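Chains as they are written, first to last, in the UniProt record's numbering: chain W, 1 to 235; chain E, 1 to 221.
A portion of the hints provided could be inaccurate.
What the hints assert, rightly or not - Listed below are several chain E residues computed to face chain W (Cβ distance under 8 Å; list not exhaustive):
1. A29
2. V33
3. L41
4. A76
5. P79
6. S80
7. P81
8. G197
What the hints assert, rightly or not - With beta-carbon atoms standing in for the labels, derived distance ranges:
9. W:R19 with E:G172: 21 to 27 Å
10. W:G178 with E:A163: 21 to 27 Å
11. W:G229 with E:N165: 42 to 48 Å
12. W:S195 with E:D180: 37 to 43 Å
13. W:E141 with E:I36: 27 to 33 Å
Stated by the list, open to error - Sample of chain E residues with no beta-carbon within 12 Å of chain W, all distances over it, derived:
14. S9
15. I36
16. R96
17. P103
18. A163
19. G172
20. E173
Since the hints were made in silico from the structure, they are not lab data.
Source: prediction; values computed, not measured.
Glycine is no exception: its CB is placed at the ideal position from the N, C-alpha and C atoms.
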Amino acid sequence: MKAHARVVAELVDGRTVLRELRSQSPLTLVPHRGKPGLVHLVNSASAPLGGDELDLTLIAGPGAALRIAGVAASLVLPGPKPALSRFTVHVEAAEGSTVEYLPEATVVTQRAHHAAVFTGSLEPSARLIVREMLVLGREGESPGRLTSETTVRRGERPVLSQRLEIDSLIASPAVLAGRRVLATDLRVGYEDPPSAVAGEWCSLVPLAAGGSLATALAHDAVAAQRMIGLLNRSG
Amino acid sequence: MHTVALVLSDSRFPGGGHVHSGGLEEAAARGLVSDIRSLGLFLAGRLRTAGELAAIFAAASVKCHEWSTLDEELDARTPSPAQREASRAQGRATVRAGRRAWPSPVLDSLVQATPRPHHAIVLGALTGIAGGSSADAALTAAYLSVSGPASAAIRLLGLDPFAVNAQVTRLGEAIQAVADRAVSVAGLPPADLPGPGAPGLDLLAEAHVRHHKEEVRLFAS
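Isolated chain W, as found in the complex (with noise of 0.2 Å):
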């Protein structure tokens, strides 16, 4: 399955307004009524699976707030034939604009293969939050493959530039250390940390072209999220 689905958001006399919103399923996109700018992104088909290629774009122009919320956790299952599925998600918000993307945990079950691939292109006056929650499998299931890419440029700088791949080396200490979720929170606009806060298995840093990337490592996505939320990074 393919799927591209599109949001743009403007300012307009003060009041973010919605000038398009293209869904395709599965990517359904519901805007909130009463709260301007805010969308929930809905799956309405059991997706992805191998093979799907699903897109999201997310622009907001001047001044506008535009909030992507997720509403359950996506299950990525195999296809019926062994094949890569991929969500790529881009944001591009200009001068004084906020864009929060924040989807509900991706659950990469056996056998699966999944890339996730997240690029932000920011006007350096833009802010941008963004969360991943990734669970490495159901409770008791080893995970499939996976590989997150995240890439976030503020004007002609590069705020943050990570790959992370999912094989057999996520018991290694240097990798995930054979916890099944990973939380990162990276905020870009923001007031930043002055200096790193750092727990056992969480951290809260401050990136070196500005910006703040908290990061947990647990054994389930209560506990992580329990982390992020001690890092103040909750709301």
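Dock chain E against the given chain W, drawing on the hints supplied.
Below, chain E alone, put in the same frame as chain W:
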């Protein structure tokens, strides 16, 4: 292989590598690495993540001399400030030794653009100046990503030096594979270079810094 690769990867090269454990000290303190088997797992993960990132930037820096751009791009691929600091401290120390060994206007331009350059970029620059190839630089960086932590494990855990050496040797093919992949992407524009990440190493590095302030630790990273 060019001799520059041998000199840079020799543990007697005075580039300050001996004070860094690459996260091994923190992993050992927590009991995550306690024997040869767990050391092997740690090293294999480190090689495929931090090692591959270092190999990519070392290989790229042999021919690409856009120092500020390379520096910014490697920063963006190193979210942990503790890891950035460790890389720059080792880079600075390697410059000091390299300046005497291979004086060159290319090295001067690197230090002028970035007074405390990242270690991988210095490795690439010195390899190129001495006449080595991207493959030499990548292999050096990949090897150093595991040889330092391996010798730290001997000191911290009292592991059998012969067994540790055999463990590093067992990674030979993996080290070569990492270097080959790094060379295959080294010619890309710096912005397009891959950024293999390691959340485990990032968390260990930040925790190490915190503990370093509270108690005595043997290694700087």
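Which constraints among the numbered hints does this structure fail? Numbers only, ascending. 1 and 9
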